[in-house]
Every structure is written in structure tokens, then in C-alpha cells.
Amino acid sequence: MTDPKLSVVISDDDPMIREALREVLDAEPDFEVVAVARDADEAIALVERHAPAVVVLDLRMPGGGGGRAAREIRLRSPNTGILALSAFADHDAVHEIQSAGVGEHLVKGVSNHDIVAAVRRLGRPERR
Amino acid sequence: MVHSGAMPADHPAEPDFERPAPDAYRLIVDSVVDYAIFMLDPTGRIVTWNAGAERIKGYSPDDILGKHFSVFYPPDDLEARKPWYELEVAAEVGRFEDEGWRLRKDGTRFWANVIITALFDESGQLRGFAKVTRDMTERMRAEEALRSSEERFRLLVHGVLDYAIFMLDPAGRVISWNAGAERIKGYSADDIVGEHFSVFYPPEDLVTRKPWRELRVAVDAGRFEDEGWRLRKDGTRFWANVVITALFDESGQLRGFAKVTRDMTERRRVEQTLTEQRRLVGHLVEAQELERRRIAWDVHDDSIQSMVAVGMRLQLLANRLPEQEAAVVRQLDEAVRASLGRLRNLVFRLRPPELDRHSLAEALDRYFTDVAGSWGMTYRLRHELDHEPPAESAITIFRICQEALTNIRKHARASEVDVSLTSTDGGTLVEIADDGVGVGDDVEPPSEDPVSDHFGMIEMRERAETAGGWWSVGRSPRGGAVVRFWIPTAPGVSRD
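Top line first, the protein sequences correspond to chains A and B. Start counting the first sequence at 1; every next residue gets the next number (UniProt numbering). Start counting the second sequence at 1; every next residue gets the next number (UniProt numbering).
Read the hints as simulated data drawn from the structure, not as lab findings. A virtual CB, placed ideally from N, CA and C, is assigned to each residue, including glycine. Please note: incorrect hints may appear among the correct ones.
Claimed, not checked - Stretches of chain A that chain B covers, calculated by requiring three or more beta carbons in the stretch to come under 8 Å of a beta carbon on chain B:
no. : stretch
1   : 16 to 28
2   : 42 to 54
Said to hold, decoys possible - Not close to chain A: a few residues of chain B, all C-beta gaps over 12 Å, as computed:
no. : residue
3   : Y201
4   : G222
5   : W297
6   : H300
7   : M307
8   : G311
9   : A318
10  : F348
11  : E416
12  : L421
13  : E431
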């Protein structure tokens with residue numbers, strides 16, 4: 001019997017990124033994108049409803065940004081691993097991520113492979 | 001000597017004074033050298049002659065005794081019978097005083113103060129005249145010199161055109177008027193002398209009794225200084241610097257006021273233009289920053305996101321294609337990713353320096369850490385700032401530093417950068433020195449984009465100069481380049 005699929009919620013305010021991310025992750029046979037959010041509030045609500053293994057959060061989103069979403073998600077769905085995507089690897093981004101308790105952080109523009117690997121590390125930590 | 005009145009009784013009392021010898025008065029008179037003191041008989045012939053007389057007039061007693069005193073008078077006085085007239089007056093009223101020219105034995109003149117006193121015996125018989133003459137030539141010359149210096153001074157004051165210099169009587173009425181006053185205020189002396197100086201003040205100052213208050217302060221403090229609007233004769237206003245000085249005579253009596261007024265309208269206009277210019281520079285800096293921020297977010301939100309999405313899709317596509325086509329698509333993905341990196345650098349440079357949250361030194365430190373570190377350069381930042389520069393100055397400094405660092409990365413092949421910030425001359429001096437190849441060296445490889453590099457230099461310089469400062473580039477002692485620039489601390493509107 002195969003493992004249940006690794007459930008993922010995606011959130012990004014940019015529709016092109018949302019769709020591309022969905023395609024990349026759905027292309028993995030063991031992943032399943034269960035919901036896609038367009039802002040922080042949607043991300044928090046969808047994660048709370050689906051309790052996914054992993055949420056991919058854009059750091060800069062309307063509605064308080066990924067930082068606030070990450071903090072809320074840690075409270076409401078503590079077992080969900082958080083992957084933050086940010087546009088920059090600067091002081092402010094790193095600081096925000098550290099204080100929000102994000103599991104992994106990638107700068108947008110990394111290869112699909114890196115994104116998939118990070119999601120897998122967060123979603124199936126026992127398989128390291 | 002002064003003695004106490006309480007003397008012991010057994011002490012012998014000192015005599016009050018010794019009676020003078022009978023010839024004591026003659027001795028005194030004889031020895032006085034500053035005054036010619038001599039006697040005339042009732043007809044005017046000289047009967048005594050003292051040392052002062054000999055010194056002043058040049059005659060020895062042998063020369064002069066028995067001669068008529070008219071020998072001392074110049075011809076025109078003799079013609080007017082002045083010596084005889086003087087004796088007549090002295091005999092009649094007891095005394096005659098005169099100042100005028102007299103002659104010495106050698107014929108030279110001296111200016112004499114003369115007092116002739118008639119001498120009568122107990123029976124009222126005229127016995128002769130005592131004549132005391134003083135040589136006043138020196139004093140007269142000094143007075144003349146003073147008069148002529150006063151006259152020169154008066155002419156000087158009168159001729160000054162840049163300042164209105166005039167006098168007020170104690171009540172504030174104009175009593176003198178110079179050319180500068182006429183030029184600045186438009187009144188001629190005829191127009192204004194006798195008028196109260198409050199006519200120079202605009203109505204709002206008259207309501208508050210300002211002219212009278214100013215005089216009171218000048219009397220109390222000796223001096224009053226003010227800057228404000230004053231009126232010309234034609235009713236137009238000018239911005240005046242005014243100093244009022246109270247004038248007291250030797251007895252401490254107020255004699256009036258000296259008033260010096262300068263027309264500062266032009267200077268004030270220049271200052272206002274400067275202030276306005278600085279304000280516009282502030283706006284310009286602000287507008288530039290706003291524009292940069294907009295471009296940064298446009299690039300970030302649109303171009304970068306699209307390219308990220310395109311890259312992800314190209315990778316997906318490559319995985320689905322046969323190897324030959326997949327390689328081409330992967331190359332496309334690489335190209336997209338390379339330009340993504342360049343755009344990201346652009347956005348990073350365009351982003352606001354966050355000077356609202358950090359001091360200039362902190363913001364620079366953060367920026368250099370992010371940038372120099374990622375380029376494998378070490379940097380040192382030294383700062384001795386008395387105060388945090390105002391926002392637009394700080395932004396200008398930050399932006400120039402940023403551009404300088406970009407230049408170093410592109411051309412200098414440097415491994416170290418030294419940045420120093422110092423408060424000096426009412427502004428901030430910044431030095432950015434590297435250990436690279438220096439400026440103007442032939443070893444410098446041709447730039448990929450010489451036009452934009454040149455533009456970078458121009459941009460730095462223009463930023464500095466627009467902010468009222470300067471910018472220069474030269475060779476650092478270590479052989480690399482040094483960019484130096486100075487940005488004034490923004491314009492506290494002039495207070496002096």
C-alpha cells in the first residue's frame with residue numbers, strides 16, 4: 001500500500017506564480033495540491049480547514065503578509081510545515097521568517113527541483 | 001599735612017601758618033612760566049615783567065619795561081585802537097577779557113587769552129592794570145583739528161550711500177539726514193528734518209507703538225537693534241536692519257539718538273530664493289525616491305513574478321520534452337534566470353534606504369553588509385557624526401554611496417572598501433576609498449556599458465550639487481580610487 005499523498009496548500013497573490021507552483025507540485029506523483037489561496041487570510045482559513053502537510057507561503061502578500069499568516073498557521077495547524085518564498089534574501093525577509101517560525105525559506109527563482117525537495121523535506125520529515 | 005583735631009593738651013600747638021615774606025607774591029608771579037603776568041601803569045606802559053611773559057612774548061625785562069603794551073598787538077588791532085579801548089573798558093567795568101592774535105618780539109603771532117584787571121587804590125584812584133596773558137595757540141590748534149575732523153566725519157556720514165545714518169532728538173524727531181537715508185527712504189532732508197521718525201514705520205508697528213518702544217529700549221540699554229519692514233516716502237516697503245544708539249552728554253543727559261538703517265530687501269530676497277531652492281531640492285529628492293520605489297515595485301510585482309513563473313513552466317516543459325528539445329528549453333530557462341538576477345539587483349538598488357527606521361550609518365552598514373559581502377569585498381565604515389543629517393541629505397548621501405559602490409564593483413577589482421562619514425563645515429563629508437586599480441588607469445578594462453557608467457559619475461555629482469554640496473573622484477593613497485563628497489546639512493533658514 002502506498003503512502004497517502006502529501007497534501008499542500010499554496011498561497012501567492014500573483015496568479016501566474018500560483019498556477020505555476022500548482023503545476024510544479026501536482027506534477028509530483030506523491031503530492032496533492034488541496035487548495036490555493038490568494039492572500040494571508042485565505043491562506044490561514046484554508047490551512048485551518050485542510051490541515052495540509054505543507055503550506056507554501058509568499059512572504060509578501062496582501063492582508064498582513066506571509067509573516068502574519070505563518071504565525072497564525074503555527075497556532076492553528078501546528079503540524080503543517082511552512083515553506084516561505086520570498087523575493088529577496090535580505091535582512092528584513094530573513095528576520096521576518098525567523099521570528100515567524102518558518103521551517104524552510106527559498107528565494108523565488110530557485111529551480112523547481114529545489115522547491116519540490118523543500119516541500120518533501122517539510123512534509124515527510126521521517127524519510128530524511 | 002592733615003592733623004587730627006584731638007591733640008593732647010600738653011603738646012605745643014603748631015603755628016597756623018607762617019606769614020609770607022613781604023616779597024613772596026612778587027616771587028610767585030616772577031616764577032610763573034605758563035602765564036605772562038605783568039603790570040601796566042594807568043597809561044598802558046609796562047612796569048613789571050615776569051618769567052612767563054618773557055617766555056611767551058620773547059622780550060626780556062630790559063627790552064620791554066617802560067614800553068607801551070600796544071607793541072603786542074598786530075597792526076589791524078592798532079588801527080582799530082584796540083589796546084586803548086581794552087584799557088578803557090577795564091577801567092570802567094573793572095575787567096576785560098579777550099582772545100585774539102598777539103605778536104611776539106620776533107614778529108610771530110600767537111593766539112592769546114588776555115585778562116586785564118584795573119587796579120585801584122583805597123581812594124579809588126586808578127593805579128594801573130594787571131594783565132594776565134596765556135598762550136592758547138596749542139589749544140586753538142587742537143580745537144581746530146577737532147573741528148576739521150568733525151567736519152570730515154560729517155562729510156563722511158553725509159556721503160555714505162549704503163546706510164541711512166541720521167540723528168533724532170530726544171523726542172524722536174529727525175535732526176540730520178545723509179545721502180544714504182535719502183537713497184534708501186526716498187525723503188530729501190527738506191522733506192524729513194523735523195518730522196517724527198515714526199513715519200518710517202508701517203501701520204501695524206504704529207498700533208503697537210513700536211517706534212517709541214525702540215527709543216525706550218535704546219535709552220535703557222544704550223542700543224537697540226531690529227530687523228523688520230519699514231516704509232519709503234512713496235509708501236513701498238523695504239526690509240530694514242536698524243540700529244538705534246542713545247547719545248548722552250558728559251552729564252548723562254540724553255541728547256538724542258543715532259539711527260543707522262540698512263536696506264536688507266535684496267539680501268532677504270536672496271535668502272528666500274535660497275530657502276525656496278533648498279525646499280525644491282527636498283521635493284526633488286522626495287519625488288526621485290517615490291519614482292524609484294514605484295519602478296522597484298513595478299519590476300518586482302510584474303517583471304520578476306512573470307519571469308519566475310515563466311522559469312518554472314520552462315522547467316516543467318523541459319521535463320516533458322524529448323532530450324533534444326529539452327536542452328533548448330533549459331537554455332531558455334537559464335537565460336530567464338540570469339536576467340531575473342539582474343532585475344533583482346536593480347530592484348535592490350532602487351529600494352528605499354529605510355532611513356525612517358535606521359540612522360544613516362546603520363542603513364549604510366546594512367546595505368554594505370548585503371552588497372559588499374555578496375561580492376566578496378570587505379568593508380570598513382567609520383563615522384563621526386555630530387548629528388543625524390536631515391532626511392533629504394541622508395537619502396542623497398546614501399544614494400551616492402550606493403552608486404559609488406556599484407562603480408567599484410564594476411571596475412575597481414577591489415578587495416577592500418573604506419567608508420568614512422564626518423560632520424564638518426555644517427555638513428557631512430563622505431569618503432569612499434578602495435584598494436582597486438584606481439581611476440583613469442589604462443589597465444581598466446573597457447566597460448560593458450560605458451554610457452551608463454559615465455552616467456553613474458554624472459548622477460553622483462549631480463545629486464551632490466543639487467543638494468548644494470560637491471563631489472570629486474581621485475586617487476587614494478593606497479593606489480585605488482577615492483570618491484569624496486560633501487552634502488550640507490539642510491538649510492536652517494538663516495537666523496542672523
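Here is how each hint holds up against the structure:
With 8 residues having a beta carbon nearer than 8 Å to a beta carbon of chain B, the stretch 16 to 28 of chain A meets the requirement of three or more and the stated coverage holds. Residue count for the stretch 42 to 54 of chain A with a Cβ under 8 Å from a Cβ of chain B: 0. That is fewer than the three needed, and the coverage hint is violated. Listed as outside the interface, B/Y201 is consistent with that label: its C-beta sits roughly 60 Å from the nearest C-beta of chain A, beyond the 12 Å cut-off. No Cβ of chain A approaches the Cβ of B/G222 within 12 Å, the least distance being about 62 Å, so the stated non-interface status holds.
At roughly 10 Å, the least C-beta separation between B/W297 and chain A is not larger than 12 Å, which violates its mark as non-interface. Separation of B/H300 from chain A is inadequate, the least Cβ-Cβ distance of about 6 Å not exceeding the 12 Å criterion. Not every Cβ of chain A is farther than 12 Å from the Cβ of B/M307; the closest lies at roughly 8 Å, contradicting the non-interface assignment. Consistency note on B/G311: stated as away from chain A, yet its beta-carbon is not over 12 Å from all of that chain's, at 7 Å minimum.
Not every C-beta of chain A lies more than 12 Å from that of B/A318, the closest at about 10 Å, which undercuts listing it as non-interface. Once the 12 Å rule is applied to beta carbons, B/F348 is inconsistent with being away from chain A; the minimum gap is 7 Å. Distance to chain A confirms B/E416 as a non-interface residue, since its nearest Cβ pair spans about 22 Å, more than 12 Å. Against chain A, the non-interface label of B/L421 holds: every CB pair exceeds 12 Å, the least being about 20 Å.
At roughly 25 Å from the closest C-beta of chain A, the C-beta of B/E431 stays outside 12 Å, upholding its exclusion from the interface.
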